[in-house]
Amino acid sequence: MKALVFSRQPARYAAAVVAGNLRPGRGARYGPLSLRDVDPPEPPTAEWVRVRPRLAGICGSDLATIDGRSSRWFESVVSFPFTPGHEIVGDTDDGRRVVVIPVLHCATRGVDPPCTMCRDGRVNRCERVAFGHLEPGLQCGFCESTGGGWSHEMVAHPTQLVDVPDELTDGQAVLIEPTACAVHAARSVGDGAVAVIGAGALGLLTIAALRAMATLRGPLIAAAKHPEQVRWAKELGADVVCAPGELERAVRSTTSSLVLGNGQLTGGIDAVVDCVGSEASIAQAVRCVAPGGTVHLVGMPGVTSVDLTPVWQREVALRGTYAYEVPTPSDRVGVTPTDDFAAAVDLVRRLDLGRLVSATYPLARYQEAVAHAAEAGARGAVKIAFDLRSDRERTRR
Amino acid sequence: MVTRRLPRLPFPLSAPTVPEGLETPAGRPRSGADYDTAWARRYPARLARAALVEAVGRPVVAALADPRREGLDRLDPLRRDGEPVIFAANHHSHLDTPVLLTSIPEPWRHTLFAGAAADYFFRTPVTSALAALAINAVPIERTKVSRRSADRLAELIDAGWSLLIFPEGGRSPDGWGQPFRGGAAYLAVRCGVPVVPVHIEGTGRILRKGRTLPRPASTRVTFGSPLRPAPDHDARRFGVVVEQAVAALADEAATDWWQARRRAHAGATPTLTGPDAPGWRRAWALGDPSRRRRRQRRRWPEL
Amino acid sequence: MPRPGFVLDVDRSTPPILFHHGESFRLEKLPAGRSRVLYPGEPLQALRDPDGAIRHALDHPLGDSEPLRALLRPGMRLTICFDDISLPLPPMRAPDVRQRIIEAVLDLAAEAGVDDVHLIAALALHRRMTEAELRHAVGDRVYDAFAPDGLLYNHDAEDPGNLAFLGTTPDGEEVEINKRAAESDLIVYVNINMVAMDGGHKSTATGLASYRSLRHHHNVQTMRRSTSFMDRHSSELHSSNWRMGKVVRDAGVKIFQIETTLNNDTFGTSGPMSVLQKREWEWSPRDRATFVAMKAGLDRMPLKARRKIFQSWRAPYGLTSVQAGEVEAVHEVTTGNVFRQQLVELEGQTDILTMGLPYICPYNVNSVMNPILVMCLGLGYFFNMYRGRPPVREGGVVIMSHPTTWEFHPVHHPSYIDFFEQVLSETTDPVEIEARFEKSFAEDEWYRHLYRTSYAYHGVHPFYMWYWGCHGLAYTGKVIIVGGDKAAVRRLGFSAASTLPDALEMAQDVVGRDATITHLHNPPLVMADVK
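Protein chains in written order, with the working numbering: chain A, 1 to 397; chain B, 1001 to 1303; chain C, 2001 to 2531.
The hints are all genuine.
No more than 25 angstroms apart at the CA atoms, straight line, and that leaves these computed lysine-lysine pairs for PhoX-like:
(1) C:K2278 to C:K2295
(2) C:K2478 to C:K2531
(3) C:K2246 to C:K2179
(4) C:K2486 to A:K225
(5) C:K2278 to C:K2029
(6) A:K234 to C:K2486
Since the hints were derived computationally from the structure, they do not count as laboratory data. No experiment lies behind these values; they were computed from the predicted model shown.
Given only the sequences and the hints, what does the whole structure look like? Please build it.
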């Protein structure tokens, strides 16, 4: 079957780094990602089922991998060659339409007894991600054994499958996984004022989640660069939308803080959610946060250089947010598990978030798809996905 | 000793000898109070003087005295009429004249002539010529009361030249001023021109009477409002007015304009001649001679 | 003999007309047969002896007032208030007329033996004046005599300890002014009347007031009913100030008002810049060469350099009149003198009004003209330079020429930046702006801090700039800015055109083809008396 495969080829990886720096998304053309005819993956145990993806989304972490921007931290939790793609809605053999929870936790790896994190339902913090009967891999889009969404067939453990209600379209379903990340981020934010930096897919979903789930006592400020993003941010519930360069001034006037000599604010906003993950955005987040506040790193940062003095002096917390929590069979009895996926399904249905899928591409046009996803903001798009239902080209929904 | 005799050149290459019993008529005096300075007011000399003042005088004065010039806006009403003006200043040092020559603005700067003491500046032909060329000096008799000096000055003023004169008559011997003489006021009344009082502060510290080497310090030149004699003023009363004006300018320079105005209206302006006490107490009352004060460059926020 | 102003009907032989375009100039051809240009009169003859005229005015007051000499006595508290840096425009050559008057007043005060004198720059909510600007206004002698002892200072409208509440007008307007001024035995106000809006009771009731007072007449409703605020008798702004002036008088505050008028000699009648004041068909070959060279040089220079050159220009204004005494009597004579220089008769209205906007307005002296000030200058000041009716018909189009760069001076106009980014991006409707945003800006602690300690305009000031143009906004059908930064122009709510012909083309949608045009020729200032 045809699948996009990311293999270990150092020379091409170096080329991807250079190309990705020159223009985002070019790593798909020059890097180790290629469209190949491969055998479908074998189920590791009898429990595992086949999934044939219908739509598979392109995520920011995928783009970072393709352009060679991901950190060396991942080297031990990724196994080559792998098929990318972890935002998947597909069909199983017995006719169910499912969304795949990509995290490969103890239950999927056959690790028994499960680690303490998995037992508490915190599968995103699983301590056994490189062990068990699977190759190392954080999620199924980074693991050799499982395959990934950007192909026509992959395998998944039953605990990874969530049935999609019939009333949801495929477009809405493919957004459930990123919405779950946003829901998880929104849960950890308190109820004061919030600023969200970045209005790409993750940023917009975070805004929607914050508005829906948290009962915010303060304003929700969003920093968005492109006009389409501004429109979406307003529609999904931001109180104030400003340009990225104007965020400090917007924070100053909404929180009535004063300004010190260097332009530093004396006050600030209680929570800043950084959905971009660049050096500039983290620095800006640290500048805007109130003393004692929290900067939530939702967008995957890389190796960055940040002046941590304000973090120290103003007692600011830097907090990472990764993936989500889902109930597992090993959950402790009596403790209600947090189900970010269920909340995500609910949110997608209520707000019709399928509208955020701006365009879909067949696998054969993967280079254009990746380029579009990398420049989504400037081109007025939010989420780009691969359409694997037929070989026919699909236009923007 | 062997004396080499220089060959004697014949007349007319050398000077003639006078036959016995005859006398040669006196030529034009080449020094003294009757020295004719008209050549210094012709164009070649004027050009040379302008070049001297601008190219040499300005930098030297700036280096030695660093003068701060105040009150130039008070001269604006005089520009319209184009009449000559008498500048009356106090006198502490030879440096006063160069400082004033470089401070007095156009249109008077290059049509200025100075009244200089005949017995000091016009003692020898060389000093006479230099004085006439450099400062357009005209001799004034100090010791004798003479109408000729006054007539000469009046003639020049009527011809359109502005006069720079020090009514004290000479430099201050001890740092305090001397009583003003009536010359400036007399000329103002006679020719019908305004008098601009000027106060120079600080030149006494640089080169006072008796010294030869100057010590650089900062100075201040304050121009006052032009004074015209009232219809009932004679030269003597007008002279008092001029002296009080210069004293008020001294007060303004020492304190500030508002206090000087109040004291002037109350008649309480401190006099230029200092306390009526002998010797050391006069010197004591002068105050501390400050050394070279770097004048504060005006610095305020450039926003 | 200076020639009076007149109206030129543009025909095919009319040369292109000079338009001010911020820190540059443009020559634009107006369509023949349907355009007219309003030319101001030539500068009136200045007084020959300004100091003598001032002394005469102080000794021969107008209205119910004694000569100043008689009002001064030892032991009294005297406060001299003077107009701030927003007048005159551009700043005039030394000596400033305020310097002459203040020295004359202080001379009389010295003669009378007055000791307690304060000098206050009556700037209301404008920015504080710097040392250099104060020295220029009052002269070095007065500055050095009073400023070191803290007796010469800027009015601080946010200092609760230095404000005195004097009462309320019958219409409920609170009157609160500077405490030192209110408690003085005599206020001597030194005013420069550059346009007919200045002076009168407005000097004290606005210049020395606080936000509590100002908000009663600096609001949308008042400005909409000031048609125009250059004509006191049709201006709700002035009616309010006059009511406040009565409260001030009834509270026992004695004011000796000294008002002056200047001619409109902005760029000189001789010298390299004089070409800008001449009528285009009277430009000599030398003038034309000067203009071409100037324009070429300016176009090659970076904006910062151009700004510096223009902001350092000092106008050779001449004093045309000075009168002193009782406020209302003095102001009548003053407005007459202002009109004598600026007013030109105009018959009827046209469909379009065009104007070239200069690089300077009252609020950006030594600073940057940001887009909000462009709107205020064009739709506020220039649009309202009329008496009777505006030169353009209701629903017509106003076309302004200015580069409108998206640039703000961070020290002088910090609240303007926030106003442009946060308020104008939401709405440009003055009523909505006033209701939703004015209070938070007026009470913001940071802006208050900057107003009191830095050189910033008060937090609420950008709102006043917007209100100044709200009569124009309501009256016109469309506003087009020629040659401006497109993003900034759109943020203001106007349309952007690159050239004047394009703008006239765009105006066709509103006023139809063959629309008639009036152009206000400036420099220098001109006021239309529309019949």
